[in-house]
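Order-wise, the sequence lines are chains P and Z.
All you need for the working numbering is the position in the first sequence, starting with 1, plus 10.
All you need for the working numbering is the position in the second sequence, starting with 1, plus 1.
Warning: the hint list may mix true and false statements.
[Stated by the list, open to error] In silico contact screen, one side only, chain P against chain Z (beta carbon under 10 Å); selected entries:
#	residue
1	V14
2	V29
3	Q51
4	F55
5	S68
6	P80
7	M99
8	F101
9	E113
10	E118
[To be verified] Once the Cα atoms are required to be at most 30 Å apart in a straight line, the calculated DSSO-like pairs of lysine-lysine come out as:
#	chain 1	residue 1	chain 2	residue 2
11	Z	K106	Z	K72
12	Z	K2	P	K67
13	P	K88	Z	K106
I should point out that these hints are in silico values taken from the structure, not numbers from a laboratory.
This structure is a prediction, so every number in the text was calculated from the model and none was measured.
Just so it is clear, CB atoms sit at the ideal spot from N, CA and C, and this is done for glycine as well.
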Amino acid sequence: EPEVTQTPSHQVTQMGQEVILRCVPISNHLYFYWYRQILGQKVEFLVSFYNNEISEKSEIFDDQFSVERPDGSNFTLKIRSTKLEDSAMYFCASSSRAGTTGELFFGEGSRLTVL
Amino acid sequence: KNQVEQSPQSLIILEGKNCTLQCNYTVSPFSNLRWYKQDTGRGPVSLTIMTFSENTKSNGRYTATLDADTKQSSLHITASQLSDSASYICVVSHGGSQGNLIFGKGTKLSVKP
Numbered sequence: 011e012p013e014v015t016q017t018p019s020h021q022v023t024q025m026g027q028e029v030i031l032r033c034v035p036i037s038n039h040l041y042f043y044w045y046r047q048i049l050g051q052k053v054e055f056l057v058s059f060y061n062n063e064i065s066e067k068s069e070i071f072d073d074q075f076s077v078e079r080p081d082g083s084n085f086t087l088k089i090r091s092t093k094l095e096d097s098a099m100y101f102c103a104s105s106s107r108a109g110t111t112g113e114l115f116f117g118e119g120s121r122l123t124v125l
Numbered sequence: 002k003n004q005v006e007q008s009p010q011s012l013i014i015l016e017g018k019n020c021t022l023q024c025n026y027t028v029s030p031f032s033n034l035r036w037y038k039q040d041t042g043r044g045p046v047s048l049t050i051m052t053f054s055e056n057t058k059s060n061g062r063y064t065a066t067l068d069a070d071t072k073q074s075s076l077h078i079t080a081s082q083l084s085d086s087a088s089y090i091c092v093v094s095h096g097g098s099q100g101n102l103i104f105g106k107g108t109k110l111s112v113k114p
């Protein structure tokens, strides 16, 4: 069964360092998303991406964050200068349909720990 | 403010028993309501998606209900199994938004033998 894969599963970094989280969405999906979940808290929307550009982003997704799809298969989330509060589980998701009716398939997540 | 509230926060039941989880939401405009199962340290997995016009939807031993008038939903699990131990998250799609799903905090279900 097709699935969304994410790497790394866990990354530990020093505050101020750049981090890139990678995702391989399901192959025929066109809509891509990043969410995050701080330990013990709700899952929060970060950004949606379609046709090689950001469709929508939340207040959390500030200038420190960026996304790109460099090679037609990977979908990456970059955090330029990590802060302690960026420590969270980051989930990538993809969908074959636009809007809010499409079923989202989530990856297993990348746990980011900022020291 | 768009919010999704779930109760109870946690629940312990014996294997084989049924249980019902609750979700109240204040999301406008509403598009659809989803229930996800999330195992510890894993990504959420979709159980059901219901639109405004759907009152109930089943997926095996999981049955979700939706009352769009009172803005309430429930997830009923029948004949629970040990593998049902997980967090169950109610998620409401904000109408007109591509992926801005409003997540509840989840109900942590533990099924004991």
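Evaluated hints:
{"no.": "1", "hint": "V14", "result": "holds, 8 Å"}
{"no.": "2", "hint": "V29", "result": "violated, 19 Å"}
{"no.": "3", "hint": "Q51", "result": "holds, 7 Å"}
{"no.": "4", "hint": "F55", "result": "holds, 5 Å"}
{"no.": "5", "hint": "S68", "result": "holds, 7 Å"}
{"no.": "6", "hint": "P80", "result": "violated, 21 Å"}
{"no.": "7", "hint": "M99", "result": "holds, 8 Å"}
{"no.": "8", "hint": "F101", "result": "holds, 5 Å"}
{"no.": "9", "hint": "E113", "result": "holds, 6 Å"}
{"no.": "10", "hint": "E118", "result": "holds, 5 Å"}
{"no.": "11", "hint": "Z/K106 x Z/K72", "result": "holds, 17 Å"}
{"no.": "12", "hint": "Z/K2 x P/K67", "result": "holds, 18 Å"}
{"no.": "13", "hint": "P/K88 x Z/K106", "result": "holds, 26 Å"}
Violated hints for the displayed structure, listed by number in ascending order: 2 and 6.
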